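Based on the provided sequences and hints, a complete structural model is requested.
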Amino acid sequence: MSSVFRYRELIRNLVLKDLKLKYRDSVLGFLWSLANPLLLILVYSFVFGHLFTGGPPNLVYFLMVGILPWNFFAQSLMMSTGSILDNGNLIRKVAVPMEVFPVATVLFSLAQYLLALIVFFPMALLFFKVSVAWSWVAFVPILVLHILFTVGMCFIVSTATVFYRDIRHFTEILLMLLFWLTPIIYDIRTVSDSLSTVLYMNPLSYFILAYQDVLYRNVFLSLDRLMVLIILTFLSLGLGYSLFLICKVRFAEEV
Amino acid sequence: MSGEIQVINVSKAFTIRHNKADSLKSKVIGIFHKRYREQRETLWALKGVSFNVSPGEVFGLVGRNGSGKSTLLKIIAGIYPPTQGKVQLPNGARMGAMIELGVGFHPELTGKENIFLSASIHGLNRKEIEAIYGAVVEFSELDAFMDTPVKNYSSGMHARLGFGLAVNLNFRVLLIDEVLAVGDEAFQHKCMDQIDRFQAEGKTILFVSHSTDVVKKICDQVCVLEHGLPVFLGNPDEGVEQYHALLRGNHS
Chain H
1 MSSVFRYREL IRNLVLKDLK LKYRDSVLGF LWSLANPLLL ILVYSFVFGH
51 LFTGGPPNLV YFLMVGILPW NFFAQSLMMS TGSILDNGNL IRKVAVPMEV
101 FPVATVLFSL AQYLLALIVF FPMALLFFKV SVAWSWVAFV PILVLHILFT
151 VGMCFIVSTA TVFYRDIRHF TEILLMLLFW LTPIIYDIRT VSDSLSTVLY
201 MNPLSYFILA YQDVLYRNVF LSLDRLMVLI ILTFLSLGLG YSLFLICKVR
251 FAEEV
Chain S
1 MSGEIQVINV SKAFTIRHNK ADSLKSKVIG IFHKRYREQR ETLWALKGVS
51 FNVSPGEVFG LVGRNGSGKS TLLKIIAGIY PPTQGKVQLP NGARMGAMIE
101 LGVGFHPELT GKENIFLSAS IHGLNRKEIE AIYGAVVEFS ELDAFMDTPV
151 KNYSSGMHAR LGFGLAVNLN FRVLLIDEVL AVGDEAFQHK CMDQIDRFQA
201 EGKTILFVSH STDVVKKICD QVCVLEHGLP VFLGNPDEGV EQYHALLRGN
251 HS
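These protein sequences, in sequence, are chains H and S. According to the numbering used here, the stretch in the first sequence is residues 1 to 255, in order. According to the numbering used here, the stretch in the second sequence is residues 1 to 252, in order.
In case anyone wonders, no lab produced these hints; they're calculated from the structure. Hints are supplied without guarantee of correctness; some may be wrong.
[To be verified] Cut-off 27 Å, straight-line C-alpha distance, at most; resulting in silico cross-link-like pairs (DSSO-like, lysine-lysine):
hint, chain 1, residue 1, chain 2, residue 2
1, H, LYS20, S, LYS127
2, S, LYS25, H, LYS248
3, S, LYS25, S, LYS47
4, S, LYS25, S, LYS127
5, H, LYS17, S, LYS127
Bear in mind that the values here come from a model prediction, so they are computed numbers and not experimental data.
Set out below in structure tokens:
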């Protein structure tokens, strides 16, 4: 992992490259990264403010609290299927610590998540009439754990895709399924016991619930829930990075 | 002795896969249908190669196509792990492999952006890149094109930028794989001058080339590879003669 720090300039440049290329030659350019979440929120406001009503109070705010972190996770995972594979040309020709590629993928998605939050929080205060609560400070540690958890998962996915190209398509389907098995667009307290048992087997549920606790329900995370997040993060990072370390010597020959 | 590159009995086997099964479906089908099963064949690209390269030495690797030169260079660079044997590198020496020029250049990025990206791929930090930036631009003679996307460069310009970057990365040990075969005569001349300068600066150079004139001129020692076997190690003039004999043998 020390190589990740030593090559931080490379990680920075990889993330900047992707951010620059994403909107290069478009008229709005960088403004798109702000316009995108803004339009997302507007669409949800229209759909759930006028077409489908009911559900938890302040529904659109509730939805965004879950959807934005979910998008970060899903985008990271989807992009990480190509982290090693799509950099094959580089990996076959330069001795470079390959950890930087999945990490850069997560940071690229994180940059977009943070930009979305920059749009989201002022909107929450102005349009959704949400008031700042003390519990919001717990957002930061949850975010940090969520990022590290995602990095671990991306290590697994990027490694697996090198050996089985199917993983790319599998991840896409799995994410779709996982979206519905995570309490993002419904309140976990309103589902049946048997279904909520299933939801609690999904590690991502704990992260989304934590976000909802501190931002929506305005309560601090209980200590045992925090422990769950920490354990999940350690498991994900530990397993993911071990798998990556074992397999990475073969990457140059397999990509 | 430290400071030396020691290649100790290095062998490398590649698994050649016919019907390569890299999807789950093909694996499953392979269980039932013999015809679709993955066939594995082991190819020894290198067999028991050993040599030492002293600091400041220019070491040439020659051999026919497919003799294992580039594989050996990649093993020394740490891109491939050796199947057997090991490579001992000088402690803490920055080593640079120029397997191909302009690796990691992105066509949509400008020349300047590519210099920063590519240099960081080789492990330089921003301060170090800023320090060499001027020299890279000067060497490549592309001052007017630094804000142009690399996709609009000619192949010669692309190579100049790549070489300009490579020579300024300040490696103690350079692994060069046939990168001199690009550009016009004037540029090739410039590259040769640069290698002379490296030699004078006491840098260690491992050099793969088909150009026997260059090998004779600059190398202190050569290794001739044939089908992964080191068939000659020593004096450049004799090595080149051996290499020519191999080529003649192939034709007769």
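Hint by hint, here is what the structure shows:
1. H:LYS20 - S:LYS127: Roughly 22 Å between the alpha carbons, so the hint for LYS20 of chain H and LYS127 of chain S holds.
2. S:LYS25 - H:LYS248: holds, 24 Å
3. S:LYS25 - S:LYS47: violated, 35 Å
4. S:LYS25 - S:LYS127: With a Cα-Cα distance of about 49 Å, the restraint between LYS25 of chain S and LYS127 of chain S is violated, given a limit of 27 Å.
5. H:LYS17 - S:LYS127: holds, 19 Å
Figure legend: structure checked against the earlier numbered hints; hints not met, in rising order: 3, 4.
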